[in-house]
Amino acid sequence: MLMFNLNFENQILQRFYKQFKLYINLNLFNFNYIINERRISVIVNGKEMEFENITILKLLKNLNLDMDKVVVEVNFEIISRENYQNFMLDKEDKIEIISLVGGG
Amino acid sequence: MEIFLNEKSIAVDKGTTIFSIKKDFKPDADIIIHNGFIISEDVILKEHDRVTLIKKGEIPSKKELEALMISRHTPGVHEKIKNAKVGIAGLGGLGSNASISLARIGVGYLKLVDFDVVEPSNLNRQQYFVKHLGMKKTDAIKDLISQINPFVKIEAENAYIDRNNVEKIFSDVDIIVEAFDNPMSKAELINTVLQKMSEKTIVAASGMAGYFSNNTITTKKIRENFYLIGDGISEAKPGCGLMAPRVSIAANHQANTVLRIIMGEKDV
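Protein sequences appear in the order of chains W and D. Going left to right, the first sequence walks through residues 1 to 104 as this note's numbering numbers them. Going left to right, the second sequence walks through residues 1 to 268 as this note's numbering numbers them.
In case anyone wonders, no lab produced these hints; they're calculated from the structure. All values derive from a computational prediction rather than experimental measurement. Heads up, a few of these hints could be off.
[Unchecked claim] Straight line, CA to CA, 30 angstroms or less: simulated DSS-like cross-link-like pairs of lysine-lysine: (1) W:K94 - D:K220; (2) W:K61 - D:K220; (3) D:K266 - W:K47; (4) W:K47 - D:K220; (5) W:K58 - D:K220; (6) D:K168 - D:K136; (7) D:K237 - W:K47; (8) D:K168 - D:K200; (9) D:K237 - W:K58.
[Stated by the list, open to error] The following label-pair restraints were derived from C-beta to C-beta distances: (10) W:M67 - D:S198: 20 to 28 angstroms; (11) W:N45 - D:Q147: 41 to 49 angstroms; (12) D:K237 - W:M67: 17 to 25 angstroms.
Don't be surprised by glycine CBs; every beta carbon is placed ideally from N, CA and C.
The shape of chain W in the complex, shown without the other chains (with noise of 0.2 angstroms):
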């Protein structure tokens, strides 16, 4: 009966001891995933480079780039004129900027 009640208490204690875990885990997960969604690595023009929630158009501007002297590439799609200010950069893309200066 003594044992009984043992294992019932263990048993107990065990899924609450899993449960606290699996809560544990969630979380870090959740807070790791955070902190990741904020840094983002992204290729462009084969180099790596980090940004926080950037869109075409603040990476031109990072870059010093006028968005009318440019062809921009992303995963080698070309992306429209229009669509730089909208366009947020997902981790891992790759991007190639192509600038173009006058004379001809």
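With chain W's structure known, arrange chain D on it following the hints.
Relative to the frame of chain W, chain D by itself:
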């Protein structure tokens, strides 16, 4: 067996040599071209060989001229070039040079577009002559090409190209040469072609001002239908102007890229 003498089919005996043909048909010829190549030593002819005999200083008829010009084009290459349709956007330093090279090799159809007239500051690098000053560039380039290769079909359009008319202007060409001066127009044309006309190939240029090294001007393949020529950085600006040598180096990178695409050579 059959051979072609000045592009006309004739029958000759097996074992006939080029020098014996010359003796029989044009003993005073001083240039002998065998399958697109000038020769000085006798050769035994093979079936379907092409032989052209030219007398220097002789002005041929227009029909004869075409045959004589074709003689310098490599057989098998010329047919493909003659069927090609190429558009040139801008007829300044890049466009005037590229279109003349493409006309010389015998590209069958050229669509040439510019909105401007020839003015004195163009003459430092563009292919125009003093007599063209004040003329529309489209008319001036037609005049030049008619003096170089009158057998190219040319359609010239006096227009300012932007995103709204580019599809219509270049609807009937396969390859477009971006030959603008203004970087915003360059970007607008490239973006429009890549997004709306992806079945066509664009050959653009960026960075050819000054007298920096020849060897920094390169041809890069950016994507399947987009080639970019230049050093990428040498912008035309005060103190660093555009000059004939580097501009024509870049223009002829463009022309050779067009030729390679026509011939099915898609890599740089």
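Right, here's what the structure says about each hint:
no.	hint	result
1	W:K94 - D:K220	holds, 18 angstroms
2	W:K61 - D:K220	holds, 25 angstroms
3	D:K266 - W:K47	holds, 27 angstroms
4	W:K47 - D:K220	holds, 18 angstroms
5	W:K58 - D:K220	holds, 27 angstroms
6	D:K168 - D:K136	holds, 21 angstroms
7	D:K237 - W:K47	holds, 29 angstroms
8	D:K168 - D:K200	holds, 13 angstroms
9	D:K237 - W:K58	holds, 27 angstroms
10	W:M67 - D:S198: 20 to 28 angstroms	holds, 22 angstroms
11	W:N45 - D:Q147: 41 to 49 angstroms	holds, 44 angstroms
12	D:K237 - W:M67: 17 to 25 angstroms	holds, 20 angstroms
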